[in-house]
Amino acid sequence: MTTLLDVSNVHKFYGSLHVTQDMTFQVAEGEALGVIGPNGAGKTTLFNLITGDVRPNSGRISFAGQVIDRQPPAARCVTGIGRTYQIPHPFTGMTVFENILVGAAFGNDIPEREATGVAIDVLERCGLMDKANRVAGSLTLLDRKRLELARALATRPRLLLLDEIAGGLTEQEVHELVALVNTIRADGVSLIWIEHIVHALLAVVDRLIVVNFGKLLRQGDPREVMASPEVREVYMGIDINEPA
Amino acid sequence: MTSQTPPPLPVTVAPAPARAPAKYAVTLSTRTSRVGETLLLVTAIALCLMPWWGDRSLIRTSTEFLYILALAQMWNMLAGYAGLVSIGQQAFVGIGGYCLVVFGVQMGLNIFLVVPVAAVVAALVAVPSALVLFRLRGAYFAVGTWVVAEVFRLLTANASVVGGGSGTSITAAVQGIPVWWRDALTLWGAVILGVGAIAAGYFVLRSRYGLALQAVRDSEAASGSLGIRVRRMQWMLYIASAAGCGAIGAIIFISKLRISPSAAFSLDWTTTVFFIVVIGGIGTLEGPILGTILFFALRGLLSDFGSWYLILLGAVAVIVMIRMPDGLWGWVLRRFNLSLFPTRRRLDRTP
Chain H
3 MTTLLDVSNV HKFYGSLHVT QDMTFQVAEG EALGVIGPNG AGKTTLFNLI
53 TGDVRPNSGR ISFAGQVIDR QPPAARCVTG IGRTYQIPHP FTGMTVFENI
103 LVGAAFGNDI PEREATGVAI DVLERCGLMD KANRVAGSLT LLDRKRLELA
153 RALATRPRLL LLDEIAGGLT EQEVHELVAL VNTIRADGVS LIWIEHIVHA
203 LLAVVDRLIV VNFGKLLRQG DPREVMASPE VREVYMGIDI NEPA
Chain U
1069 MTSQTPPPLP VTVAPAPARA PAKYAVTLST RTSRVGETLL LVTAIALCLM
1119 PWWGDRSLIR TSTEFLYILA LAQMWNMLAG YAGLVSIGQQ AFVGIGGYCL
1169 VVFGVQMGLN IFLVVPVAAV VAALVAVPSA LVLFRLRGAY FAVGTWVVAE
1219 VFRLLTANAS VVGGGSGTSI TAAVQGIPVW WRDALTLWGA VILGVGAIAA
1269 GYFVLRSRYG LALQAVRDSE AASGSLGIRV RRMQWMLYIA SAAGCGAIGA
1319 IIFISKLRIS PSAAFSLDWT TTVFFIVVIG GIGTLEGPIL GTILFFALRG
1369 LLSDFGSWYL ILLGAVAVIV MIRMPDGLWG WVLRRFNLSL FPTRRRLDRT
1419 P
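Chains H and U, in that order, are what the protein sequence lines are. Numbers 3 to 246, taken from the working numbering, label the letters of the first sequence in order. Numbers 1069 to 1419, taken from the working numbering, label the letters of the second sequence in order.
No lab work stands behind these hints, which were simulated from the structure alone. The reader is advised that the hints may include incorrect statements.
Here's a subset of chain H near chain U, in silico, CB distances under 10 Å, partners left out [to be verified]:
1. 55
2. 74
3. 90
4. 91
5. 96
6. 104
7. 121
8. 128
9. 129
10. 143
11. 205
12. 229
13. 231
These figures come from a predicted structure and were not determined experimentally. Yeah, the Cβ is synthetic: ideal placement off N, Cα and C, and Gly gets one too.
Just chain H, with the same shape it has in the complex:
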């Protein structure tokens, strides 16, 4: 398998706070990587570094063989990195359809006509067609999360970064979400998924990394990682089948 994303020796400081310390890992084409760690461990910062919302102080990030760490977020999106935010950021004054249309048109850099076709496919796939003309500001949390994912999908990413998309959902909704994420994987999209709901994560990912205090604590087979003494210690004995 070829490497799609290569993060090597990346450091990030916020003042004297060392939020990302010598982070090194790869994601292969088609692979799904899970990220766990306590709150404040620097998981979302890792995403921000990959998407360009935050610039690293040192180190290198490459995507599909190109160094991307000086590129603005928009350029990284067009080359194939899609993301969702932990707290959904819908365009509240626009309709669900228009929200997705933005991702389709600008994320692929294509004319609006062509983007409309992409947006319609995504609406159907994510079960949002009946809400297409609703203003995004009026959506429930579940639908906001769906929209967040749908919009990222509309950019037709090669690598999709999911930030706690299962948080706050009911068991049934988590189940549906896992099914949807697995269909995205089946299309050959690589994934990095940050999630506290470990059983949802384990139903999807090939590999798991554990982040604590900005450092990569351990990586490897999901079940082995979950059973490791480091993880037991970090999580203070939290049962792996219990939603955190």
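Keeping the supplied structure of chain H fixed, place chain U upon it in accordance with the hints.
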């Protein structure tokens, strides 16, 4: 500032089903949009014909109404769509005004031809200003724009060639132009700027670029992550708004015929439109129109109250901001889902 786009990668995207989107149709126009378009056109024609049917004081009031409306639309474009809250747009109003002195009075260019020149000069000045200001964010950006405006005011006040701190008269540049023509041309210039700003905004918002504008208005972070070049868009809007304010500044001081640094670079130009846009409804095309009407109505009603006028105006602003945080038009939009210039794309299944 923005780095280069890399050459396109040989992307192997997820295969999008090649289903024809014929099952669905997107509509942009509605009945109210045709009403809005017609209303705008009829108003523009009526205003242009005003020199033949209106008296002088009506022409002058309409001119003022239109240039304030245009200024409000410029500020709305920045604060409402680009997320750039400026309290220094008077910098470009002043620069536009002083172009009249330099190009009109001193170089003898026809004063109405100075208006487009003023737009160009303001845009050119905006480039170095933006280089400095775009390093700042949020409130710091706002304060920075004010500082820039003050710098231009002080520079002008110390330049004796343009009259220094006490200002100068522009009357010399309009001698030989009959009063009727002067009033008519000033009005037409104001119509082009006021109605033109709305028409241009409407046209752009309905285009593909309009999607990006509305997206940035609602969330800058999400816009970037979906492929919109937010920074480049903010640059373009900042420069376009500066050009607009420059032209408006020229029209303003053609109608006043006297200019001084404190009048040209006055903070009032920005606070007035701030009031108008926030009360009317920020981030909409209709809001600034409603706000300008309200502002002129209040000013007319309260003009006899002396300094109470400003206190009452402030009270109105506070009440509207507490009761209707998205302005009068935002309230109308939510309550009645009414829009004179709709930009929303409706997706419907076709039978």
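Evaluated hints:
1. For residue 55 (chain H), the shortest C-beta to C-beta distance to chain U is roughly 7 Å, which falls under 10 Å, so the interface hint holds.
2. A distance limit of 10 Å between C-beta atoms decides the matter here; for residue 74 (chain H) the minimum to chain U is near 6 Å, and the interface restraint holds.
3. The criterion of a C-beta within 10 Å of any C-beta in chain U is met by residue 90 (chain H), whose closest approach is roughly 9 Å, and the hint holds.
4. The beta carbon of residue 91 (chain H) is positioned within 10 Å of a beta carbon in chain U (closest approach about 4 Å), and the interface hint is therefore held.
5. The closest approach between the C-beta of residue 96 (chain H) and any C-beta of chain U is roughly 5 Å, which is under the 10 Å cut-off, so the hint is satisfied.
6. Residue-level restraint check for residue 104 (chain H) holds (minimum Cβ-Cβ distance to chain U is 5 Å; threshold 10 Å).
7. Annotation: interface hint on residue 121 (chain H) holds; nearest CB of chain U at approximately 8 Å, less than 10 Å.
8. Violation of the interface hint for residue 128 (chain H) is found here, the shortest Cβ-Cβ separation to chain U being roughly 14 Å, above the 10 Å cut-off.
9. The closest approach between the C-beta of residue 129 (chain H) and any C-beta of chain U is roughly 15 Å, which is over the 10 Å cut-off, so the hint fails.
10. Violation of the interface hint for residue 143 (chain H) is found here, the shortest Cβ-Cβ separation to chain U being roughly 16 Å, above the 10 Å cut-off.
11. Nearest Cβ of chain U to the Cβ of residue 205 (chain H): about 21 Å, over the 10 Å cut. The hint is violated.
12. Because the smallest distance between the Cβ of residue 229 (chain H) and any Cβ of chain U comes to about 34 Å, over 10 Å, the interface hint for this residue is violated.
13. A hinted interface residue such as residue 231 (chain H) counts as satisfied when its beta carbon comes closer than 10 Å to some beta carbon of chain U; here the least separation is about 37 Å, so the hint is violated.
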